[in-house]
Each structure stands twice: as C-alpha cells, then as structure tokens.
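2 protein chains.
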Amino acid sequence: MRRVITIGREFGSGGRELARRLAEGLGIEYYDRAIVREIAKRTELEEGYVDSVLEKASLSKFPITEGRTFYDLNDPVFDMRQSIYLTQTNIIKEMAERSDCVIVGRCAEHILKDYDPLKIFVYASLESRLKRCRERGPEEEDLTDKELLKKIKGIDKRRAKFYKGFTGDDWGDRRNYDLLINTSFRDIKSIIPPLINYIEESAKVYFKAD
Amino acid sequence: MRRVITIGREFGSGGRELARRLAEGLGIEYYDRAIVREIAKRTELEEGYVDSVLEKASLSKFPITEGRTFYDLNDPVFDMRQSIYLTQTNIIKEMAERSDCVIVGRCAEHILKDYDPLKIFVYASLESRLKRCRERGPEEEDLTDKELLKKIKGIDKRRAKFYKGFTGDDWGDRRNYDLLINTSFRDIKSIIPPLINYIEESAKVYFKAD
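One line per chain: the protein sequences are A and B, in this order.
So the first sequence is numbered by the numbering used here: it starts at 214 and just counts up by one.
So the second sequence is numbered by the numbering used here: it starts at 214 and just counts up by one.
Derived from the structure by calculation, the hints contain no laboratory data.
Hints are not guaranteed to be accurate.
[Claimed, not checked] One-sided excerpt, in silico: chain B residues whose CB lies under 10 Å from chain A:
1. Lys326
2. Tyr328
3. Asn410
4. Ser415
This structure is a prediction, so every number in the text was calculated from the model and none was measured.
In this text, a Cβ means the ideal position worked out from N, Cα and C, and glycines have one as well.
Here chain A stands alone, though its shape is the one from the complex (with noise of 0.2 Å):
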C-alpha cells in the first residue's frame, strides 16, 4: 500500500503543523524545506532566492510544459520562474515516487494528480488564524492586527492567483479535495489520531495494493 498524502492550507490554519504531525503519526516523509534546498541545489539559485520566487508567485498564466521549458532570451527572469516551477515539479514527483510522503501546498494535488494522493484542505476563519499566528512565534509581534489581517488575506490571495495560473482550478474548491477540515480554534494535536483512522479507511478504497 502506498500513501501519498497532499495538504493545501490557508495561511495561519495550523495546515503545516497538522502535516507535519500527521506525517509523523503515519511514520512517512514529510517535505518542505527539502524541496526549496533540492531546487536550489540543481538550479545552482541561492535558497533564499528559490523562495522568494515561490513566494512572490504572481503569475496569472503560467504556461508550465513538463518536460521542457520554453526560453526566450529577452525575458531571462521568466525563465528563471519557469525553471524553478519545472523542477519543483519534477521534485515533487519523484519525492512521490520514491516513498509514501505528506506534502504541503505547491500545487502538489495538482501535480501528483496521475499518483492518486489523498487530497487534504486545511482552513480556518480569519479570528482564529490571527489568533494562531500571534502564538505560533515572534515574526509577525510587530503587526496590528489589521496589519496582520492584511498581511494573512494578501498571502491568501497570492496562493488562489497562482494556483488558478497554474491548475486552471479555484484554490480551495471542494471539487479538488477529499477532505476539507475547518480547524478554527482547534487544537490541531486532536485532529491527527482521527484523520489517520480516516487514512487507514480510505486507503482500502484510494490506495491499490503494491
């Protein structure tokens, strides 16, 4: 049985810590920064450079083509974009490949559409994301919550446009997920022994047998 597992979240949800602990509870792969670091590493790009580009993702239409990418001489930062997406792409596939694994955002649904992952959704109202991301730590202390708001609904914004840009689907829409968990002022610890029975289950319907 393999299980690949992807989780899109809304920023300040909790979706990263419920995928890293639900990574650990099912004793697979959990990958984040190894994907950043692996694209630096065969694009030779700086890590912090990698993510800037990921993270600044604005592209309306992004014409991906796996396999190959399209190089125009006039646009080289174009190109950069499009090389970096071409390798996550590729990355993220044979992350898949090699073992069962959690994979956080990236499109990684998306992508891995042709492995059948089971396609998690994390969300939260915009009260309790301010409230997580006031507790999660120190980089956000010197936001009003206003500011914070702003800075949650922007990157929020960011994500849909992109993930339009890149699937042609509406980030988010239940269409594209097997489950969508609210997890508004919930402990996030609660939710893992739950969805791994849910895992468990599904994984006789999704997952075939090796």
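Put chain B on the given structure of chain A with help from the hints.
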C-alpha cells in the same frame, strides 16, 4: 455534553446514509421524515403536499421572519409556503433543544447557528453519484444516464438556489461547515468510525458541557 450535528449533502452523495449511520453509531436521534410528519400535523396539511413544497423550493428571495408570518390574502400559496418553512424552523429548533441529534439538509446549520452544531457537508463526483443512485433502488431505473445526470444536477441547483435565498450564503461553501467529506466511490460505512472519533475529539472544543 450536547451533540447537534447537521449534514448538508449533494443529491446522490450518500449523505443521508451517512447521517443515519452516524446517528446510530453515536446513539442519538436521526431526524428526517419525522420533521415532515410533524409539519403536516401542525399545519393540518397532507404530508405529500408538505413534501412537494419542501422539495420544489424555488424561492429566490424568501422573507422568512422567525416568530411571525406576513399574511397576504392576495397570495395564499406564498402564505402556505411561508407557514411551512416557519413551522419547519420551529420544529428543528425544538428537536435540537430536546436531545442530541443528526439533522439532514433543511438549512439546519443555518437555523441552528445559535446551538453551535457540528456542521458537515457531504459531496461526490457526478460519476460516483450516478453510480450510487443506480445502486440505491428502483426509483430512477427507467431513466437513462443522461436523464439521471440531469435530475441530479437539477436537484442540486434547486437546493443551492433555495439555500442562497434562505440563508444568504452559498450552498456547500466551506466557510459554512466544519468538515467537508468527498464520498466518491467510498463505502459510507468506512467513514463512520473515524468520523465518530473526530466528533468525540471536536466535542472537547465545540460543545459546551451541560
């Protein structure tokens, strides 16, 4: 601890079976036909007529007012509908107050919002819903696949339209639910144990102690 669970569902997604099995598993009430019977009793209308009004709901704007009804002697059909919906609203609230229960459809998550229910939405691919309708029984056996698909889409469209008119929200929009479950080609029975586990964990957060 109180448990009120509402289940919205696409036609043919197995939502009703899920609701019934869930109530059984939790050992709590499952309300479905009992609501129609009670409306018929209170309004002194035939069950069949109540059914047809509830099923053919096509009000795009529905000026529901809780506690009183507008009487317009010029439009007795409108009055009758208004009265049926108002009675249903009251009955659903009474049921939620009386004991733990699972209620399917009927915009119950909206009607019961002050009761902080656990809100579930059940959906599936058209292909899976077609298959489930075929397996379910003889009701649609005379329809071709094309006709049955048209029926499925038509019922969903009506539900969405009524939901919008009644609640102001989009039917099936994740924001209005705690959990959305894709039942495509899944055995509904296999979803119940993890769901009960999830609900028991949720209860620690969602439901107040008595």
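The hints, checked one at a time:
The beta carbon of B:Lys326 is not positioned within 10 Å of any beta carbon in chain A (closest approach about 14 Å), and the interface hint is therefore violated. Nearest Cβ of chain A to the Cβ of B:Tyr328: about 17 Å, over the 10 Å cut. The hint is violated. Interface restraint check for B:Asn410: the shortest CB-CB distance to chain A comes to about 4 Å, inside 10 Å, so the restraint holds. A least Cβ separation of about 8 Å between B:Ser415 and chain A falls short of the 10 Å threshold, and the interface hint therefore holds.
Going through the hint list in order, the structure does not satisfy hints 1, 2.
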